[in-house]
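Asker: So the chains spell out like this:
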Amino acid sequence: MKKDKFIISNKTFKSRLIVGTGKYKNMSECAKAIQISGAEIVTVAVRRVNITDKKKPLLMDYIDPKKITYLPNTAGCFSSEEALRTLRLAREIGGWKLVKLEVLGEKKNLFPEMIETLKSTEVLTKEGFKVMVYCNDDPLMAKRLENAGACAIMPLAAPIGSGLGILNKINIKIIRNQTKLPLIIDAGLGQASDAAIAMELGCDGVLVNTAIAKAKKPFVMAQAFKNSVIAGRQSFLAGRIEKTLSGRPSSPLEGII
Amino acid sequence: MKKIKIKVNGKIKRISENTRLSDLIKSLKIPIKKVAIELNQEIIDKKKLKNVKIQNGDKIEIVHFIGGG
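Chains as they are written, first to last, in the working numbering: chain A, 52 to 308; chain B, 1386 to 1454.
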């Protein structure tokens, strides 16, 4: 069998699980959960340095950006201008070109504002960024993002942090069938089996934060997601059986006493 | 020495006139490799901080990476 590779913007990764670094109790819990999850890419946010409390621990002291790929995000941005400003700053910190674009439309459901997202994708791509785009599960919009130069399509499963799992499997499957770009489910997963479902739909990867960070036992959940992503991918590659509406015995009928 | 008023990460700060951006970053003990710096909404190349003299009313933003999803 051909080696199953997960490639984003010409870089090959072993793990198809991307994890967020927010919402953990502290930095060391976050670092340990990432290690257990096996993730090689983590999302990070860009925020002001605390200039009054210099003893506050720094993310980079816990997660080495030379070993783990940082994926700067634009969380909290509600317009194209804010998102562009944030990612230009992220690039300046140390040359990050692979980024996660996320432009939100409103605070209640945190749905993506797709017009602003599309505009930002075009501008960032022209500026040389490799843009992984958080989007809604609309196949038409996914196509437009692809045409605008996105390097990965990242539709939501459900609202960010909701834990509802994949609400519209059909749309995800349609997006899968129309694009060769990496398709990554981003946001809304609640438990490990949700990741397996995403992978069985043919997604290339999943991005998880809250479901691990806020689980009662984050380290156990990190491991569960790791296993589930692997299992889901294997199941997808193995090729499932056809569904039938009648029973078919697994034991031979011949030789029944 | 004459003092000027600036804003750093949203907080008002009084500093001496003729302070350079590199001096300010040093005095705040900020690890330069782990941050990006904006002066009045314009990103400043970290190699050129020495060339930038801070003016009265300047707004400076210093950002880094933190945990996020």
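Just so you know, the hints here were simulated from the structure itself, not pulled from any lab data. From a predicted model like this one, the values you see are computed outputs, not experimental measurements. All C-beta atoms in this analysis are idealised placements derived from N, C-alpha and C, irrespective of residue type, glycine included. Honestly, I wouldn't trust all of these hints.
To be verified - A partial selection of chain A residues facing chain B, derived with a Cβ cut-off under 7 Å:
{"#": "1", "residue": "72"}
{"#": "2", "residue": "111"}
{"#": "3", "residue": "114"}
{"#": "4", "residue": "143"}
{"#": "5", "residue": "292"}
{"#": "6", "residue": "295"}
Said to hold, decoys possible - In silico lysine-lysine, BS3-like type, Cα no more than 27 Å apart, as pairs:
{"#": "7", "chain 1": "A", "residue 1": "105", "chain 2": "B", "residue 2": "1414"}
{"#": "8", "chain 1": "A", "residue 1": "158", "chain 2": "A", "residue 2": "118"}
{"#": "9", "chain 1": "A", "residue 1": "148", "chain 2": "A", "residue 2": "62"}
{"#": "10", "chain 1": "A", "residue 1": "105", "chain 2": "B", "residue 2": "1419"}
{"#": "11", "chain 1": "B", "residue 1": "1396", "chain 2": "B", "residue 2": "1433"}
{"#": "12", "chain 1": "B", "residue 1": "1444", "chain 2": "B", "residue 2": "1398"}
{"#": "13", "chain 1": "B", "residue 1": "1418", "chain 2": "A", "residue 2": "181"}
{"#": "14", "chain 1": "A", "residue 1": "294", "chain 2": "A", "residue 2": "118"}
{"#": "15", "chain 1": "A", "residue 1": "107", "chain 2": "B", "residue 2": "1387"}
{"#": "16", "chain 1": "B", "residue 1": "1411", "chain 2": "A", "residue 2": "107"}
{"#": "17", "chain 1": "B", "residue 1": "1396", "chain 2": "A", "residue 2": "117"}
Asker: Is the hinted pair residue 1444 (chain B) and residue 1398 (chain B) satisfied, with a Cα-Cα distance of at most 27 Å?
Answerer: 10 Å, holds
Asker: Is residue 148 (chain A) close enough to residue 62 (chain A), meaning Cα to Cα at most 27 Å?
Answerer: With a Cα-Cα distance of about 12 Å, the restraint between residue 148 (chain A) and residue 62 (chain A) holds, given a limit of 27 Å.
Asker: Holds or violated: the hint that residue 292 (chain A) contacts chain B, with Cβ atoms closer than 7 Å.
Answerer: 36 Å, violated
Asker: Does residue 111 (chain A) pass the interface hint, meaning its C-beta sits closer than 7 Å to a C-beta of chain B?
Answerer: Holds - the Cβ of residue 111 (chain A) comes within 7 Å of chain B, reaching about 5 Å at its closest.
Asker: Between the alpha carbons of residue 294 (chain A) and residue 118 (chain A), is the straight-line distance 27 Å or under?
Answerer: Judged against 27 Å, a Cα distance of about 43 Å means the pair is violated.
Asker: Is it true that the CA of residue 107 (chain A) sits at most 27 Å from the CA of residue 1387 (chain B)?
Answerer: 32 Å, violated
Asker: If you take the shortest Cβ to Cβ gap from residue 295 (chain A) to chain B, is it below 7 Å?
Answerer: 40 Å, violated
Asker: Taken at face value, is the distance from the CA of residue 1414 (chain B) to the CA of residue 105 (chain A) at most 27 Å?
Answerer: Measuring from Cα to Cα gives roughly 8 Å; hence the hint holds.
Asker: Is it true that the CA of residue 1411 (chain B) sits at most 27 Å from the CA of residue 107 (chain A)?
Answerer: 17 Å, holds
Asker: Do the numbers back the hint for residue 143 (chain A), that is, is its least Cβ distance to chain B under 7 Å?
Answerer: Check passed: Cβ of residue 143 (chain A) comes within 4 Å of chain B, closer than 7 Å.
Asker: Are the Cα atoms of residue 1396 (chain B) and residue 117 (chain A) separated by 27 Å or less?
Answerer: 33 Å, violated
Asker: Given the hint that residue 105 (chain A) pairs with residue 1419 (chain B), does the C-alpha gap stay at or below 27 Å?
Answerer: Holds, at roughly 13 Å.
Hint violations for this structure: numbers 3, 5, 6, 8, 14, 15, 17, all remaining hints satisfied.
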